[in-house]
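Sequences and hints are given; from them, build the entire structure.
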Amino acid sequence: MSLHVITANRLRDGVSVWFAGEHGWAEHVDAAATYDDTALPGALAAAQPADVAAHVVEVRAVEVTQEDGKLMPVAHREQIRARGPSVRADLPAGPWRDGADKLPPLPSASSTSPHAGIYHYDEYDRDFLRQRAREFGEQVERRRAGELSEDEFKPLRLMNGLYLQLHAYMLRIAIPYGVLSATQLRQLAYVARHYDRGYGHFTTRQNIQFNWLRLEDTPAALAALAEADLHGIQTSGNCIRNVTTDEYAGAAADEVIDPRLYAEILRQWSTDHPEFTYLPRKFKIAITGAPHDRAAVRVHDIGIEVHKNEAGEPVFRIFAGGGLGRTPYVAIKLRDDVPLAELLRYNEAVLRVYNALGRRDNMYKSRIKILIREMKPEAFIQMVEDEYAALPPDYCVLTPELVAAVAARFPVPEFTRQDSGVFAKALAEDADFAAWVERNTHGHRDPGYISAQISLKPIGGIPGDASADEMDAVADLADKYSLGEIRVSHVQNLVLPHVAKDDLPALYQGLVKVGLASANVGLISDIIACPGMDYCALATARSIPVAQRLAERFAGREREIGTLYVNISGCINACGHHHVGHIGLLGVDKNGEEVYQITLGGAADENAAIGSIIGPAVPTANVPDAIEAIVNAYVAQRTPGEKFIDTYRRLGAAPFKEAVNAAR
Amino acid sequence: MPLVNAKGEEIADAGVAGLRLTPDAKIEDIATQLPGAALIEIEFPKFRDGRGFTLARTLRERHGYKGDLRAVGHFIPDQFAALIACGFTSFLTPPEHTPAQFAAALREHRQPGQLLRRSLGRALEG
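As given, the protein sequences belong to chains B and L, one line each in that order.
For what it's worth, UniProt numbering labels the leading residue of the first sequence as 1, then goes sequentially.
For what it's worth, UniProt numbering labels the leading residue of the second sequence as 1, then goes sequentially.
Please keep in mind that the hints were generated in silico from the structure rather than gathered at the bench.
Incorrect hints may appear among the rest.
[Said to hold, decoys possible] Label-pair ranges, simulated between beta-carbon atoms:
#, chain 1, residue 1, chain 2, residue 2, range
1, L, Lys26, B, Tyr364, 24 to 30 Å
2, B, Gly24, L, Asp13, 46 to 52 Å
3, L, Ile11, B, Gln382, 38 to 44 Å
4, L, Ala12, B, Tyr121, 43 to 49 Å
[Unchecked claim] Calculated pairs, DSBU-like style, for lysine-lysine (alpha carbon to alpha carbon, straight line, at most 35 Å):
#, chain 1, residue 1, chain 2, residue 2
5, B, Lys657, B, Lys590
6, B, Lys333, L, Lys46
7, L, Lys26, B, Lys365
8, B, Lys376, L, Lys46
9, L, Lys26, B, Lys154
10, B, Lys365, L, Lys46
11, B, Lys282, L, Lys46
12, L, Lys26, B, Lys282
13, B, Lys102, B, Lys480
14, B, Lys376, L, Lys26
15, B, Lys282, B, Lys590
16, B, Lys154, L, Lys46
17, B, Lys284, B, Lys154
18, B, Lys284, L, Lys7
19, B, Lys284, L, Lys46
20, B, Lys284, B, Lys480
21, B, Lys284, L, Lys26
22, B, Lys425, B, Lys513
23, B, Lys154, B, Lys365
24, B, Lys590, B, Lys70
25, L, Lys7, B, Lys154
26, B, Lys333, B, Lys365
27, B, Lys657, B, Lys333
28, B, Lys154, B, Lys590
29, B, Lys308, B, Lys284
30, B, Lys590, B, Lys365
31, L, Lys26, B, Lys333
32, B, Lys333, B, Lys284
33, L, Lys66, L, Lys7
34, B, Lys308, B, Lys333
35, B, Lys376, B, Lys308
36, L, Lys46, L, Lys26
37, B, Lys282, L, Lys66
38, B, Lys282, L, Lys7
Here a beta-carbon is modelled for each residue, glycine too, at the ideal position from N, C-alpha and C.
Put into structure tokens, the structure is as follows:
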């Protein structure tokens, strides 16, 4: 006979609560009433809220064990819900903020970054966001008053990027194509500091997530963000999500065309699109303008490469049907040369075929990648072409006037600084600086400038997390050294895109001072990891501690090992992009134990590939040993200068498989 | 069930015989009937099934259908503006939501609408 408690999340703040019988809902599991198998159904019925204005949601029973009077849920996820994230002992589960606290004024009222290359909103645009924040506030009130049921309310909160997770609500804020002004980053820091527990998490889709939102604070947080042109619209739901791009867009020396203008046009086209807001499933678009793909366009629902035709005009190569998740695919190419005027029309044709024919009977088969494979790529392409050919000729044409109107809202930075030799001198004199430059910078299109990547992967840290103080520090450095502009990369780091070479040593010293100078970009410790079971309600394993142990294991050897992307997902949904890591790790639950499947050979760039699984999963504790065996096999067999991925492509999986088996 | 027009006003059903399409309908199959049709009804089995939006646009834009286009089944006031934008002209409102809720959903601040159209409008005005 097993023992159970009844748990739920509190509606107003999302806190995990435990049913204590006649005492109502308690904030700590030890206060919970326990029920055996026979008593449970009656207790569950008593605990279920009688009306829609209930104060709790997602009421359910979980199995527990009892030792020395302490109750311990059996499932790892429920243990984490009871205690708080295992990776943040300083942040126990439970209520953490009194909503009556008076907050200081918003930073946006007192600071500006006029030169940042973000799309400049006018008051008309800003009103759009204010209206949406107000509307959500009304919906929250209607829900709390019982006028909306949880079933009706859920899609409405999701449309604003608000999920219910293990410990609280999680608010996902879009960072369109990963571009932020310093002012916006300060506004995010403000939300992190006052509406969250002091930090945020940058994601692989160039967004930021706050982990500890209270429902009753969310309209105010959204209103604060609206003042800095930020929002959570379409960061969830079966709609077109945030359009992502290269973190070096508009700065990279190897770029053919700056894709941000087209990303912005796609953003405006997809925001509140009347036809494509109730798609079979979510839809992700990425665009790049460089031959080296840093935006992973081939693993998106639609991937776009903008290049130039012989006349020097922008033309668009369109891919579709890439994606990760439980059925990973590299995209197929639809067209090489869609002209600018036709960009939206062609995308409409693709979406229209998907909206009409994408599966709605099974959410695991509802992405466009499945439709394309089930229809066969040739038939899909033909159908898109037919749809495209049948569009009225004047429909959704991207006119030069419209392109010019959007382009006018992007200030083009003036690159006036010359390289006077300060940079070369510092490189010669300061080995730490030189090591950081080698890994964390990227060539700029102007010879006087360089782009600097700020690693959010300190050894032992949580990949992609940044504290409010760190965000403020980066905002200040951006104002001082990067025209007030910051980028979020899809590998969960930040980028200062336009740093004068003369300023780079000073920037580096500034980063050292605030602890943000980890020189590990592209190295084995620059790990992509999803939040995993420490935060996420879907996860089946804790990805963060695995990333921490791996980074610690290889600390000191990273430079010797060289470029190696390790990606970790805490469940099959693959938010940690494990399929396209050179080494991928997928955490799964095997009879209550967290184990990791290892894949090798994945890549997200122009040579995109899905990694192959090598043998049975390994227990969490053995992951560092297994990865070390793989790395040692690589180091032993590489030719001089050969990267891990190239050695893998030359030798295949066999030597690495053997190494892992020997280490088991 | 109340019938409303694209302003959210209750209207009387004229009793015209309509052609009813399920969301998986192939318009090619009924193309010959389109020229004489005065009313086409498109079914929404549940509000999250967005196929009806594409069907409506296809009828209007690809096939030039000019008659009354009616949404029937389960859809919500939050979708009202989008339904209108896709070419629907009448709405058999579902029991869960009153005509007044649909009318209220058209108040300007509740449905900002597609950003690009707003930008385009302003670019042309400017």
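Do the hints match the structure? See the list:
1. Lys26(L) - Tyr364(B): 24 to 30 Å: 26 Å, holds
2. Gly24(B) - Asp13(L): 46 to 52 Å: 51 Å, holds
3. Ile11(L) - Gln382(B): 38 to 44 Å: 42 Å, holds
4. Ala12(L) - Tyr121(B): 43 to 49 Å: Because 45 Å falls inside the window, the suggested range holds.
5. Lys657(B) - Lys590(B): Holds: Lys657(B) and Lys590(B) sit about 21 Å apart, inside 35 Å.
6. Lys333(B) - Lys46(L): Given pair Lys333(B), Lys46(L) holds - Cα atoms ~33 Å apart, limit 35 Å.
7. Lys26(L) - Lys365(B): Between Lys26(L) and Lys365(B) the Cα gap is close to 22 Å, so the pair holds against 35 Å.
8. Lys376(B) - Lys46(L): With Cα atoms ~29 Å apart, Lys376(B) and Lys46(L) stay inside 35 Å; holds.
9. Lys26(L) - Lys154(B): Answer holds: Lys26(L) to Lys154(B) is near 32 Å, not above 35 Å.
10. Lys365(B) - Lys46(L): Given pair Lys365(B), Lys46(L) holds - Cα atoms ~19 Å apart, limit 35 Å.
11. Lys282(B) - Lys46(L): Status holds; Cα separation ~17 Å.
12. Lys26(L) - Lys282(B): 24 Å, holds
13. Lys102(B) - Lys480(B): 31 Å, holds
14. Lys376(B) - Lys26(L): 20 Å, holds
15. Lys282(B) - Lys590(B): Answer holds: Lys282(B) to Lys590(B) is near 29 Å, not above 35 Å.
16. Lys154(B) - Lys46(L): 15 Å, holds
17. Lys284(B) - Lys154(B): Holds, at roughly 21 Å.
18. Lys284(B) - Lys7(L): 34 Å, holds
19. Lys284(B) - Lys46(L): 24 Å, holds
20. Lys284(B) - Lys480(B): 34 Å, holds
21. Lys284(B) - Lys26(L): At roughly 27 Å apart (the allowed maximum being 35 Å), Lys26(L) and Lys284(B) satisfy the hint.
22. Lys425(B) - Lys513(B): With Cα atoms ~21 Å apart, Lys425(B) and Lys513(B) stay inside 35 Å; holds.
23. Lys154(B) - Lys365(B): 22 Å, holds
24. Lys590(B) - Lys70(B): 26 Å, holds
25. Lys7(L) - Lys154(B): Since the Cα atoms of Lys7(L) and Lys154(B) sit roughly 27 Å apart, the hinted pair holds (cutoff 35 Å).
26. Lys333(B) - Lys365(B): Distance ~21 Å between Lys333(B) and Lys365(B) Cα, so the pair holds.
27. Lys657(B) - Lys333(B): 33 Å, holds
28. Lys154(B) - Lys590(B): Cα-Cα ~31 Å, so holds.
29. Lys308(B) - Lys284(B): Answer holds: Lys308(B) to Lys284(B) is near 24 Å, not above 35 Å.
30. Lys590(B) - Lys365(B): 24 Å, holds
31. Lys26(L) - Lys333(B): 27 Å, holds
32. Lys333(B) - Lys284(B): Roughly 16 Å separates the two Cα atoms, so the pair holds.
33. Lys66(L) - Lys7(L): 18 Å, holds
34. Lys308(B) - Lys333(B): Judged against 35 Å, a Cα distance of about 17 Å means the pair holds.
35. Lys376(B) - Lys308(B): Satisfied, since the Cα-Cα distance of roughly 30 Å is no more than 35 Å.
36. Lys46(L) - Lys26(L): Measuring from Cα to Cα gives roughly 19 Å; hence the hint holds.
37. Lys282(B) - Lys66(L): 32 Å, holds
38. Lys282(B) - Lys7(L): 31 Å, holds
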